[in-house]
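Chains A, B and C are the protein sequences, given in the same order. Going letter by letter, the first sequence gives residues 1 to 425 in the working numbering. Going letter by letter, the second sequence gives residues 1 to 311 in the working numbering. Going letter by letter, the third sequence gives residues 1 to 270 in the working numbering.
Simulated from the structure, these hints should not be mistaken for laboratory data. Hints are not guaranteed to be accurate.
Just so you have them, the derived chain A footprint on chain C, three or more residues with Cβ under 8 Å [what the hints assert, rightly or not]:
hint, segment
1, 62-68
2, 87-98
3, 150-161
4, 187-198
5, 234-242
With a straight-line Cα cutoff of 20 Å, these simulated DMTMM-like cross-link-like pairs (lysine to aspartate or glutamate) come out [unchecked claim]:
hint, chain 1, residue 1, chain 2, residue 2
6, A, Lys140, A, Glu173
7, A, Lys319, A, Glu173
8, C, Lys126, B, Asp56
9, A, Lys157, A, Asp285
10, C, Lys54, C, Asp34
11, C, Lys126, A, Asp285
12, B, Lys221, B, Glu210
13, A, Lys183, B, Asp56
14, A, Lys158, A, Asp417
15, A, Lys158, A, Asp333
16, A, Lys158, C, Asp170
17, A, Lys157, C, Asp170
18, A, Lys321, A, Asp113
19, A, Lys158, A, Asp128
20, A, Lys421, B, Asp84
21, A, Lys244, B, Asp151
Bear in mind the structure is a predicted one, so any value in this text is a computation, not a measurement. A virtual CB, placed ideally from N, CA and C, is assigned to each residue, including glycine.
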Amino acid sequence: MAVTATIPRRTVLAGAAIAGLTGCARGTETRAAPPGVVTLNNDNATWAPGYAAASIPLHRQTGYRLSPRAVPNVSAYQQIVRMSAQTDSTTDLIKWWNGYRLQDIARAGILADLTEAWDEAQRAGRVDPTLRASFSYNGKPYAMPLYKSYYAVFYSKKAFAKHGVTPPRTWAEFIKAATTFSKAGVVPIAAAGASDWESIIWFAQVLIGTDPGFYQRLTAGKARYTDPTAIQAMSLWAHMYSAKLFSAPDYDATGTPAHFKDGSVAMTLGGTWNTNAYTTAGLTDSDYGIFLLPQMRLSAPFAVVVESGALAVPINAHKRKAALSVAGAWLTDDVQRAWTGFLKDTSANPAVVPNVSAIRDLHVQVADRQPREMTRYWEASPPALVEGNVNELSAFMVNPHPENVRPTLNRMQERADTEWKTWNS
Amino acid sequence: MELMTATEFRSTVRIPAMIRRKSLRRRDGRTTLAVGLFLLPAVALVGVLLIAPFLDTIYRSFYNDNGFTRSWVGLHNYRTLVADPAFGRSVLNTLMWVVGTLALPVLLGLLLAVGTYSLRWGSIARFSLILPYALSGSATAVVWTFVLRSDGALNDIIHTLAPGVTPPGWLTEWPLNTVMMILASTWQGTGAAVILFMVGLQAIPPETIEAAQLDGALGRKLLWYVTLPQLRPITVVVVGISIVNSLKTFDMIWLLTQGGPGTESETLALTMYRETFTLSRYGAGAAVAVFLTVVVVAASWIYLRRQLRTR
Amino acid sequence: MGRVIRNSLIVFAAVLWLVPSYLIVVNAFTPVADYTGSPNWYASSMALISNARKAFAATNVGHGMLNSLMYAALGGLVAVLAAALASFALVVMPARRPAAWFWIIYVGTILPLQAFLSPLFNGYAKLSLYDTQYGMLLIYVALCVPFAFFVVRNYMTTIPRSMAEAAHMDGAGWLRTFLRIHLPLSRSALMAAFIFQFTWIWNDLLFGITLSTSPNVRPVMATLADLTGNYSTVGPPVVLAGALIASLPTIILFFTFQRFFVRSLRLTAY
Numbered sequence: 001m002a003v004t005a006t007i008p009r010r011t012v013l014a015g016a017a018i019a020g021l022t023g024c025a026r027g028t029e030t031r032a033a034p035p036g037v038v039t040l041n042n043d044n045a046t047w048a049p050g051y052a053a054a055s056i057p058l059h060r061q062t063g064y065r066l067s068p069r070a071v072p073n074v075s076a077y078q079q080i081v082r083m084s085a086q087t088d089s090t091t092d093l094i095k096w097w098n099g100y101r102l103q104d105i106a107r108a109g110i111l112a113d114l115t116e117a118w119d120e121a122q123r124a125g126r127v128d129p130t131l132r133a134s135f136s137y138n139g140k141p142y143a144m145p146l147y148k149s150y151y152a153v154f155y156s157k158k159a160f161a162k163h164g165v166t167p168p169r170t171w172a173e174f175i176k177a178a179t180t181f182s183k184a185g186v187v188p189i190a191a192a193g194a195s196d197w198e199s200i201i202w203f204a205q206v207l208i209g210t211d212p213g214f215y216q217r218l219t220a221g222k223a224r225y226t227d228p229t230a231i232q233a234m235s236l237w238a239h240m241y242s243a244k245l246f247s248a249p250d251y252d253a254t255g256t257p258a259h260f261k262d263g264s265v266a267m268t269l270g271g272t273w274n275t276n277a278y279t280t281a282g283l284t285d286s287d288y289g290i291f292l293l294p295q296m297r298l299s300a301p302f303a304v305v306v307e308s309g310a311l312a313v314p315i316n317a318h319k320r321k322a323a324l325s326v327a328g329a330w331l332t333d334d335v336q337r338a339w340t341g342f343l344k345d346t347s348a349n350p351a352v353v354p355n356v357s358a359i360r361d362l363h364v365q366v367a368d369r370q371p372r373e374m375t376r377y378w379e380a381s382p383p384a385l386v387e388g389n390v391n392e393l394s395a396f397m398v399n400p401h402p403e404n405v406r407p408t409l410n411r412m413q414e415r416a417d418t419e420w421k422t423w424n425s
Numbered sequence: 001m002e003l004m005t006a007t008e009f010r011s012t013v014r015i016p017a018m019i020r021r022k023s024l025r026r027r028d029g030r031t032t033l034a035v036g037l038f039l040l041p042a043v044a045l046v047g048v049l050l051i052a053p054f055l056d057t058i059y060r061s062f063y064n065d066n067g068f069t070r071s072w073v074g075l076h077n078y079r080t081l082v083a084d085p086a087f088g089r090s091v092l093n094t095l096m097w098v099v100g101t102l103a104l105p106v107l108l109g110l111l112l113a114v115g116t117y118s119l120r121w122g123s124i125a126r127f128s129l130i131l132p133y134a135l136s137g138s139a140t141a142v143v144w145t146f147v148l149r150s151d152g153a154l155n156d157i158i159h160t161l162a163p164g165v166t167p168p169g170w171l172t173e174w175p176l177n178t179v180m181m182i183l184a185s186t187w188q189g190t191g192a193a194v195i196l197f198m199v200g201l202q203a204i205p206p207e208t209i210e211a212a213q214l215d216g217a218l219g220r221k222l223l224w225y226v227t228l229p230q231l232r233p234i235t236v237v238v239v240g241i242s243i244v245n246s247l248k249t250f251d252m253i254w255l256l257t258q259g260g261p262g263t264e265s266e267t268l269a270l271t272m273y274r275e276t277f278t279l280s281r282y283g284a285g286a287a288v289a290v291f292l293t294v295v296v297v298a299a300s301w302i303y304l305r306r307q308l309r310t311r
Numbered sequence: 001m002g003r004v005i006r007n008s009l010i011v012f013a014a015v016l017w018l019v020p021s022y023l024i025v026v027n028a029f030t031p032v033a034d035y036t037g038s039p040n041w042y043a044s045s046m047a048l049i050s051n052a053r054k055a056f057a058a059t060n061v062g063h064g065m066l067n068s069l070m071y072a073a074l075g076g077l078v079a080v081l082a083a084a085l086a087s088f089a090l091v092v093m094p095a096r097r098p099a100a101w102f103w104i105i106y107v108g109t110i111l112p113l114q115a116f117l118s119p120l121f122n123g124y125a126k127l128s129l130y131d132t133q134y135g136m137l138l139i140y141v142a143l144c145v146p147f148a149f150f151v152v153r154n155y156m157t158t159i160p161r162s163m164a165e166a167a168h169m170d171g172a173g174w175l176r177t178f179l180r181i182h183l184p185l186s187r188s189a190l191m192a193a194f195i196f197q198f199t200w201i202w203n204d205l206l207f208g209i210t211l212s213t214s215p216n217v218r219p220v221m222a223t224l225a226d227l228t229g230n231y232s233t234v235g236p237p238v239v240l241a242g243a244l245i246a247s248l249p250t251i252i253l254f255f256t257f258q259r260f261f262v263r264s265l266r267l268t269a270y
């Protein structure tokens, strides 16, 4: 049983394996970035061209370019940022959310104070001062607005033309239009949310359409989900379902461009950042338009939901000074023009509007009617409360009967009681 | 035909005493060192990279931890867990998954492996079974969402064949969604069982089969009395792994319903994920992880204890 | 008659199993502009290549595939080897308390993966293993050892002890017995274990997302996940095209090695 050639061969293989192992490279993007570059962590890989476009004016102004990194999953992204921001594996900049989500990490002391950048931006008139509050914790701002999106109704011009409908200006007109579509076999309002966060879109909308002040109090923990206003608003939502005005709750939003084009779906309520997806899918200005949803109660002040992402600087960033100067330069006209040129969305800088007719249209409507701007529900309350309530709302959307309204709201209030106590402790 | 143990072998062969002393069972310093070295790579890897972090997780389960600050709470996380109404549903779903995964992929895998083993076109048939296992999770998720959505392929078929019928919400009603996801998981997992059973079938000496056939055993008798006992070692693997995987099911549910609607189709693994990743309550998530691990270890122990035969 | 029934059942099962795979392929051929949210039942055009190109352009899938190839091949190999060594130690060699060692290694398959991502991340960050190929390889090997160990160990119990004893009497040491007898005899179990681990590592998403971010470290499924993110601008046809192309190596691997299992032993009619 002499052992001959096989052993040496195996040793060679083993040696090759070890050599391979030691030659394994280190990641190119976790060490301190090369000179002239700051790293940015975000949860959206498809925005890389936007960051690249914005890097050109940024480099001109600050001498730094952006090198974006993406974590494709939202929950994983949040965990990675929470874990890495406490170590030196963090990137120089991070994309986050505003409101309570920002407060959640700002209160842990891992973000750098951006008061200077905000003061400068306000002085130069580059940002709406009312936004500052939603980016602050304990009176100090910790992030710059990355973008600013409105939640408005996208509609299919083909469907509207075919059935003789024009963008409604009152709630009654809106319901009449939706009913027309429903009778004609077209899906009036496409609304997803059976298994994800989109269930909050219509929930927030019925609330601000009934009483925006109540919505603000509710999300600040000063009103209850079981109050009559909330019950009334949610019952309205349930009645819209009974009138068959909505799509099935597991609707796939990536199919909307094609549905708009062939007129099988009439409207959908969503953030204006969707224009990027629609344009990439081949929709043009003649295919879709945007209008602001009228309020449901005539006496209610006109309001709109606003979503504004946040650009923050972790304290442990390798190149903190560079990151701070980049954050300071983010809202300048040049950078915003390049950025929104890609994003095709409204900017936090009121002077910059991208060259998309639907967005320009919306911008005019907003300037015209001056709606009150409400923070999106996702950021308007403590994260644990929102995540739990998203599940409740998803379950409601699957079973949107009027009898389900009170039990759902009861459960949401129970959760609110617990979570507010935890948040404030 | 059972394999003989070493003692039986020795008793059938006469070995001179001198040589017999050099038996394999001698334990001395060199042998112990050799054993240690052979065990070292596996144990070191598992111990340092898997067990140590898990011990850290156990430690964490006694704290109220949000990723930034932590405070000792003792058994509070466990008590809250058990008191949570969603927990009961989570356990029920997990049990459903165990039963479904044991009944379907394992059984189907066995039958299909045995059935296609001697067919000339067996490898083609098996390919369609194994293909799903080789596909990535994202492709699987997309296609099953395609099939089970309200405007998906399954409802397409139903509308064509039976226009008046309103189909149920395949993914939006519990317990139907759990059943459908178990089917989707069966679609993916049967291939793995087939391969493992094929490996087991390969190990059966053909003489055994021939001898049994000469004795008159055919078809089902052959399967039950000869093939299955021979397949025992590999069956232990398949069942053991199925128990563990079904208790830990996560990917399929996360991709198809995210545990929804609400938390209705959550299993323990999803509850743990939700607490840890979505709500950033690391302590509570750790408690669920510990609970789940205890359950899985207990289940595996009960099954494997009788099956393990080292000598 | 019984055989006809059995064969037709098998055909039925095989066809049924193919339906979802068929849908994947067909819908990967759909151009993005035609995607209406409902799946297609037949390929309306040949847009697979352009869809795949979009997938590859939007993400670093090509680079990811190279990374995954290294992780899966090398990681699978090392894991199977470590598992074989441990199996041999516990089945053939006179180890003390073999059951205890079995459980120590086997418990690796039992642990819920998501549970220790956080301590692992922190540990990696402290040891500078975060976002390195070495780090990814290490965790993949560790994750694959337990299952490979379970498979190989059980298979090794079917190898007659007489062979090891004969080798021992001939004067062969443990290593030689392992390399010359047990390793070759366990070939099919080793192959099966390797294929499973290769596929598992190739299809891994969670660790790829959490422990790496650079394009030269990220495995393929993590790069593909960019296409299905929250604000994604691409629809399912592109995702499916990308996923199909990215799954080709595992599909080819399975198909090739399937023949390996059946080649030497052929049982006569049941």
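Against the structure, the hints:
| no. | hint | result |
| --- | --- | --- |
| 1 | 62-68 | violated (count 0) |
| 2 | 87-98 | violated (count 0) |
| 3 | 150-161 | violated (count 0) |
| 4 | 187-198 | violated (count 0) |
| 5 | 234-242 | holds (count 3) |
| 6 | A:Lys140 with A:Glu173 | violated (44 Å) |
| 7 | A:Lys319 with A:Glu173 | violated (54 Å) |
| 8 | C:Lys126 with B:Asp56 | holds (15 Å) |
| 9 | A:Lys157 with A:Asp285 | holds (9 Å) |
| 10 | C:Lys54 with C:Asp34 | holds (15 Å) |
| 11 | C:Lys126 with A:Asp285 | violated (52 Å) |
| 12 | B:Lys221 with B:Glu210 | holds (14 Å) |
| 13 | A:Lys183 with B:Asp56 | violated (60 Å) |
| 14 | A:Lys158 with A:Asp417 | violated (47 Å) |
| 15 | A:Lys158 with A:Asp333 | violated (35 Å) |
| 16 | A:Lys158 with C:Asp170 | violated (86 Å) |
| 17 | A:Lys157 with C:Asp170 | violated (87 Å) |
| 18 | A:Lys321 with A:Asp113 | holds (12 Å) |
| 19 | A:Lys158 with A:Asp128 | violated (36 Å) |
| 20 | A:Lys421 with B:Asp84 | holds (18 Å) |
| 21 | A:Lys244 with B:Asp151 | holds (16 Å) |
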